[in-house]
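Student: The primary structure of each chain is shown beneath.
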Amino acid sequence: MNEEEQLMSEEEQLTTVREEATTVTPSVVPVKKREALFSKKNVQTLRDPLDDSNPVTVQVLGICSALAVTVQMKPALIMALGVTFVVAFSNLIVSMLRRTIPTRIRIIVQLIIVAMLVTIVDQLLKAYMFDISKKLSVFVGLIITNCIVMGRLEAFALAQRPWPAFLDGIGNGLGYGLILLVVAFFRELFGAGTLFGFKVVPQWAYDMGYVNNGLMVLPPAALFVIGIYIWWQRSRNRKLINAS
Amino acid sequence: MLVDTAKPHFHKGGRFEKFHPAFDALETFLFVPGHTTHNGVHIRDAMDLKRAMFTVIVALTPTLFFGMWNVGYQHYQAYGMQVSFVDNFLFGAQRVLPIVIVSYAVGLGVEFIFAILRGHQVSEGYLVTGMLIPLILPVTIPLWMVGLAAIFCTVLGKEIFGGTGMNFMNPALLARAFLFFAFPSYMTGDVWVDLTPEPGHTLVDAYSGATSLVAFDTNWEAMPSAWRQFWGFEAGSIGETSTFACLLGALLLIGTGVGSWKIIVACCLGALGMGLLMNGLAPADVTTHAMHTPAYYHLLMGGFAFGAVYMATDPVSAAQTERGKWIYGILIGVFTVVLRVFNPAYPEGVMLAILLMNVFAPLIDHVVVEQHIKNRAKRA
Chain A
0 MNEEEQLMSE EEQLTTVREE ATTVTPSVVP VKKREALFSK KNVQTLRDPL DDSNPVTVQV
60 LGICSALAVT VQMKPALIMA LGVTFVVAFS NLIVSMLRRT IPTRIRIIVQ LIIVAMLVTI
120 VDQLLKAYMF DISKKLSVFV GLIITNCIVM GRLEAFALAQ RPWPAFLDGI GNGLGYGLIL
180 LVVAFFRELF GAGTLFGFKV VPQWAYDMGY VNNGLMVLPP AALFVIGIYI WWQRSRNRKL
240 INAS
Chain B
0 MLVDTAKPHF HKGGRFEKFH PAFDALETFL FVPGHTTHNG VHIRDAMDLK RAMFTVIVAL
60 TPTLFFGMWN VGYQHYQAYG MQVSFVDNFL FGAQRVLPIV IVSYAVGLGV EFIFAILRGH
120 QVSEGYLVTG MLIPLILPVT IPLWMVGLAA IFCTVLGKEI FGGTGMNFMN PALLARAFLF
180 FAFPSYMTGD VWVDLTPEPG HTLVDAYSGA TSLVAFDTNW EAMPSAWRQF WGFEAGSIGE
240 TSTFACLLGA LLLIGTGVGS WKIIVACCLG ALGMGLLMNG LAPADVTTHA MHTPAYYHLL
300 MGGFAFGAVY MATDPVSAAQ TERGKWIYGI LIGVFTVVLR VFNPAYPEGV MLAILLMNVF
360 APLIDHVVVE QHIKNRAKRA
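Chains A and B, in that order, are what the protein sequence lines are.
Just so you know, we're using numbering that gives the first Met the number 0 here: the first sequence kicks off at 0 and counts up by one.
Just so you know, we're using numbering that gives the first Met the number 0 here: the second sequence kicks off at 0 and counts up by one.
Just so you know, the hints here were simulated from the structure itself, not pulled from any lab data.
Backbone N, C-alpha and C define an ideal beta-carbon position, used for all residues, glycine too.
Accuracy of the hints is not assured; some may be wrong.
To be verified - Not the full set, but computed from the structure, chain A residues with beta-carbon under 7 Å of chain B: (1) 35; (2) 205; (3) 212; (4) 214; (5) 218; (6) 229.
Using the sequences and the accompanying hints, generate a full structural model.
Tutor: Below you can see the structure in the form of structure tokens.
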């Protein structure tokens, strides 16, 4: 990903850690002053994934679940929260362990951390929101394989201090959730005439001949909506046009 | 002249400068453009994009007029009424024209908006699409769905890729596919005949309302006779029932060189070949099985002729290389038959076959060109 390389090149000055994972030397510690919790750079870390380096529309990661769980708003929201939780805390934990994880087995260590967090989310959903859990079915478990999680761990958390890594996780989770909710909004509105399960399209519209759009319930509709979103995003944010 | 007096307002600095693309489109539609080339030797052929598009429109008129008549004919047949040719035609025209008007108004509206937003000229691409969309829809389709499909196919089929000439799929087919998946109950089943009640008449018992493709999946022998299907006296989308009308259009398209005869012939060959193969493999004990259908039926049934003549030959989305056109056409024929025979859920295989091959057309071209380069290199 070009985006990530750009991101990395900014970070390189700070950490001198190369993006190529095989040569990661986590023991190199940047020499710098303590910075404020919400310094300009940290806010940037948090805000970038919402637009400039959005995990779904710019880096094109996590598309699979974006197609699968966006038929309705409610599962999409829960999924977004779940992913945000997993990305944020796996980033935090991996970042804290970054100097002790041996480079050669780091993938498996990351996987274990991610799997643990996903299991927590899964069990919580099963215990307190069984309906939603059934709707999300296998896609909660599949957060483990969500490229956003591993991508952020490899590209960011392994080379950053815990606090920026945590913010980065929150930011990417929210960026992912933003797209999920936008897609789910259009799919539920046009596919079922409801939002969060509440009827939005009034009965008189149906009486006049309006019909719910069956295509919006099918997964391709999510691709259409994401495509239109990317179109809109790039026509507004010109610097993205040749970015990826 | 009204156009000439209005002209200065639309030029640079004029009051309506913004709307120059819209004005330009209207002007060149009415008159031949007056500008000539300034340097070098260019030959401006009269066969410009507008003329090519218009040829296709003319080629579509047989299917349109036959479709109008057939809509009326099917309607009165369903009620067991015998009416004159003119009455059939007028009833059909009443039902079909609103669909045509909505398709054009909405689609051209979208094109004009994009032309003004982007400051380029309105291209003629929609002239054909706007006529194709009504012809491949059932007559009972609600008008707002036609409008929605027109918006969908112009925005997502064309404008998002850069407008006319940049689309990799046939926009009209995209519109149909959109409606097919979005509103399945309005695109399949009992929708092909306009059943507006006729006072004093009830539906005749023999009325089935199904297209020949439905009979095809259960018992091919129950289909209308080949001759009937050739002339098009059967239920179906507005413009696609008559193979004869499509042949008339094909003659004009091939004669003027607008449509590629290779693609049309290749489509037919592919369908025939696959049909024969099916006959050979058909289960001998079930004589009503769709695989037993005589191969030439596939050319007459459903929208095959219409698709092969007007849709597969779309110069933008078809294969560009000469050998590629053969491959492209044959595969369309093959996939059409495969989809029809093995997947009753998608009765109209032509639509999906052409869309699929539209996607593959660049790959076919690539392979053909690479192969050609390799052959040349070997000889050198």
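Student: Now tell me, hint by hint, if it's right for this structure.
Tutor: Hints, verified against the model:
1. 35: Given a least distance of 43 Å, the restraint on residue 35 (chain A) is violated.
2. 205: Violated, about 13 Å.
3. 212: With Cβ-Cβ at 5 Å, under 7 Å, it holds.
4. 214: Check passed: Cβ of residue 214 (chain A) comes within 4 Å of chain B, closer than 7 Å.
5. 218: Residue 218 (chain A) check fails; min Cβ-Cβ to chain B is 11 Å, beyond 7 Å.
6. 229: Not OK, violated: residue 229 (chain A) not within 7 Å of chain B, min 10 Å.
Hint compliance for this structure: hints 1, 2, 5 and 6 are broken, all remaining hints hold.
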